[in-house]
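Novice: Read top to bottom, the protein sequences are chains F and D.
The working numbering numbers the first residue of the first sequence as 28 and each following residue consecutively.
The working numbering numbers the first residue of the second sequence as 28 and each following residue consecutively.
If you are wondering where the hints come from, they were derived from the structure by calculation, not from laboratory data.
Treat the hints loosely; a few may be bogus.
It does not matter which identical chain is used: a pair holds within one copy or between any two.
Unchecked claim - Here are the simulated SDA-like cross-link-like pairs (lysine to any residue), alpha carbons at most 25 angstroms apart as the crow flies:
1. 49 - 110
2. 29 - 205
3. 180 - 277
4. 134 - 247
5. 47 - 219
6. 263 - 310
7. 142 - 41
8. 275 - 290
9. 138 - 48
10. 44 - 271
11. 47 - 167
12. 157 - 34
There are 2 protein chains.
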Amino acid sequence: MKVKDIGEFGLINRITKKPKDKDILVGIGDDAAVIKTKKGLQVLTTDSLVEGDHFRREWFSPFQIGMKAVEINISDIASMGAIPKYVLVSFALPNDLEVDFVENIYKGMWKSCDKYNIEIIGGNMTHSEKIVISITLIGEVDNKNLALRSGAKPGDLIFVSGHLGNGRAGLRIFQEEIKGFENVKKGYLEPKAQLKTALKLSQYVNSMIDISDGLAPEIRHICNESKCGAIIYKDKIPISEEVRGAAKRLNEDPYDYALFGGEDFELVYTVSKKNIENINGFLVGEITRKNDFLLSNKGKEKKLTKNGYDHFF
Amino acid sequence: MKVKDIGEFGLINRITKKPKDKDILVGIGDDAAVIKTKKGLQVLTTDSLVEGDHFRREWFSPFQIGMKAVEINISDIASMGAIPKYVLVSFALPNDLEVDFVENIYKGMWKSCDKYNIEIIGGNMTHSEKIVISITLIGEVDNKNLALRSGAKPGDLIFVSGHLGNGRAGLRIFQEEIKGFENVKKGYLEPKAQLKTALKLSQYVNSMIDISDGLAPEIRHICNESKCGAIIYKDKIPISEEVRGAAKRLNEDPYDYALFGGEDFELVYTVSKKNIENINGFLVGEITRKNDFLLSNKGKEKKLTKNGYDHFF
Numbered sequence: 028m029k030v031k032d033i034g035e036f037g038l039i040n041r042i043t044k045k046p047k048d049k050d051i052l053v054g055i056g057d058d059a060a061v062i063k064t065k066k067g068l069q070v071l072t073t074d075s076l077v078e079g080d081h082f083r084r085e086w087f088s089p090f091q092i093g094m095k096a097v098e099i100n101i102s103d104i105a106s107m108g109a110i111p112k113y114v115l116v117s118f119a120l121p122n123d124l125e126v127d128f129v130e131n132i133y134k135g136m137w138k139s140c141d142k143y144n145i146e147i148i149g150g151n152m153t154h155s156e157k158i159v160i161s162i163t164l165i166g167e168v169d170n171k172n173l174a175l176r177s178g179a180k181p182g183d184l185i186f187v188s189g190h191l192g193n194g195r196a197g198l199r200i201f202q203e204e205i206k207g208f209e210n211v212k213k214g215y216l217e218p219k220a221q222l223k224t225a226l227k228l229s230q231y232v233n234s235m236i237d238i239s240d241g242l243a244p245e246i247r248h249i250c251n252e253s254k255c256g257a258i259i260y261k262d263k264i265p266i267s268e269e270v271r272g273a274a275k276r277l278n279e280d281p282y283d284y285a286l287f288g289g290e291d292f293e294l295v296y297t298v299s300k301k302n303i304e305n306i307n308g309f310l311v312g313e314i315t316r317k318n319d320f321l322l323s324n325k326g327k328e329k330k331l332t333k334n335g336y337d338h339f340f
Numbered sequence: 028m029k030v031k032d033i034g035e036f037g038l039i040n041r042i043t044k045k046p047k048d049k050d051i052l053v054g055i056g057d058d059a060a061v062i063k064t065k066k067g068l069q070v071l072t073t074d075s076l077v078e079g080d081h082f083r084r085e086w087f088s089p090f091q092i093g094m095k096a097v098e099i100n101i102s103d104i105a106s107m108g109a110i111p112k113y114v115l116v117s118f119a120l121p122n123d124l125e126v127d128f129v130e131n132i133y134k135g136m137w138k139s140c141d142k143y144n145i146e147i148i149g150g151n152m153t154h155s156e157k158i159v160i161s162i163t164l165i166g167e168v169d170n171k172n173l174a175l176r177s178g179a180k181p182g183d184l185i186f187v188s189g190h191l192g193n194g195r196a197g198l199r200i201f202q203e204e205i206k207g208f209e210n211v212k213k214g215y216l217e218p219k220a221q222l223k224t225a226l227k228l229s230q231y232v233n234s235m236i237d238i239s240d241g242l243a244p245e246i247r248h249i250c251n252e253s254k255c256g257a258i259i260y261k262d263k264i265p266i267s268e269e270v271r272g273a274a275k276r277l278n279e280d281p282y283d284y285a286l287f288g289g290e291d292f293e294l295v296y297t298v299s300k301k302n303i304e305n306i307n308g309f310l311v312g313e314i315t316r317k318n319d320f321l322l323s324n325k326g327k328e329k330k331l332t333k334n335g336y337d338h339f340f
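Isolated chain F, as found in the complex (with noise of 0.2 angstroms):
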């Protein structure tokens, strides 16, 4: 059996083991990680780049790259209700880089870190073919604002924080080498993580998790994880114009890109009904008692399966 045939997901399951160390609060299997220390909960997370999968030089300043690089793990660790702080940077660079286009990398990090006052302290370089930036962030905190996948409850309401599907389109619009759509374009380039907006949801949702792979797999963990099910309604889900242009210019369903696209980077959190006054977003859906995963489309309801949804229905 190879890595493609099982997945992310289905490796990770099969590698995990429960930690033995009572301080590791949360292990594998959320945004991040959770460790008890006597300062509060910290909150760990890494992810990597890797040239040619998660950008291209064609395309990419190396500014956008620095930027993509942080703002990408800084949404992990806001759709864990945390306050990021402090980012370990390693690098994988070849050879004949330039060391302008490095630097250049790192002025975009910086430019995502002095943002939000994270610093970074620390890390290491190497050497590879391709670049890969693998990036570590932690960040802290307080235990009533800990917002974990688990936590969803039946009767929950889904909401999402923005509008879909644009990371999709504007991979899709450059893989074609379409003119125009410059919004479209930017919004893949330089995506951006929701930490205001996260850390002013964390006290009322009992779930959340940011949409790095569709809007579909990503309220299936949290399905999994608090073990329910979900409805989600086809025709609320928030799509720009914009993005239903780039969509109908590429005869393409942009239902798709938001459901199963990924890289918008937007939260998807679950909110009990009485703290529905204290939130914004858009509503998509309900958390439901039994197993079923349904997309319902015009009062019609079907099943999601992990490869898509039937577009005819």
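The hints should help you fit chain D onto chain F, whose structure is shown.
Specialist: Below, chain D alone, put in the same frame as chain F:
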């Protein structure tokens, strides 16, 4: 100017910013970063292994890749006098890699982690053409045991914790496809962090660093951070008979391996004369007041340059 022209430390010097946060005791420039928490001092390091550059699947079993990925990070934490606690793993994996292969990398990681009661608390998986394993290791240290690069004083004696040169000798034996030399090969495939030794030493040393890049550049790091010079006694550098044998077979200089080869993961540390009776190790040199960086051989002294030394003196 390209990355290869300026090197790792040139690049780090060019992009490093001084941290503003007063809780950051040590930022970029040591084996690990140190931040103040109410529990004590936390030590954080990150390092990557890149397929083709740091390992080859023909030479290493997946179990050995996993062990090495963890041991090289433990080595960085150990050289700070700290106790390793938590690991984050960021994996970039080819789609057609066998799941068993990944599982065995993890088993190797756990083998090294279990030895020291370290827990793997989180991580991330993504796609790439070649295997890249980025590990972040977090440890704890008491202030009195913290060992930095910057504490060396003129008159300190310089010691190493074990025999040097095996890292490079093993690599060369594999590269030239030479049969035999099984212990040299094993030393290269399965390096061990000197954690127990480091914890015994830490309260007595003025400075300490682990040998990932060769004895000469590591002592140079200590001198740069401590603003002093050093003299290394060539004939006191401990090199095993087996490494000497491998060098002879390859028609190369074993002192080249020890001084510039790297990947030995032994410790080099400097100690005031009054503390010598408390420590073990091989005496290899002395810290001097002058900014010189010298190699002494049978009473003659020569400057050590970044590119090596004159083999014929």
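Novice: Next step is simple, just say for each hint if it's right about the structure.
Specialist: Against the structure, the hints come out as follows:
| no. | hint | in the structure |
| --- | --- | --- |
| 1 | 49 - 110 | both (23 angstroms within a copy, 17 angstroms between copies) |
| 2 | 29 - 205 | neither (34 angstroms within a copy, 33 angstroms between copies) |
| 3 | 180 - 277 | neither (38 angstroms within a copy, 67 angstroms between copies) |
| 4 | 134 - 247 | neither (36 angstroms within a copy, 28 angstroms between copies) |
| 5 | 47 - 219 | between (35 angstroms within a copy, 24 angstroms between copies) |
| 6 | 263 - 310 | within (7 angstroms within a copy, 72 angstroms between copies) |
| 7 | 142 - 41 | between (38 angstroms within a copy, 22 angstroms between copies) |
| 8 | 275 - 290 | within (20 angstroms within a copy, 55 angstroms between copies) |
| 9 | 138 - 48 | between (36 angstroms within a copy, 17 angstroms between copies) |
| 10 | 44 - 271 | neither (43 angstroms within a copy, 42 angstroms between copies) |
| 11 | 47 - 167 | both (22 angstroms within a copy, 18 angstroms between copies) |
| 12 | 157 - 34 | both (23 angstroms within a copy, 17 angstroms between copies) |
Taken one by one, the earlier hints fail for this structure at numbers 2, 3, 4, 10, listed in ascending order.
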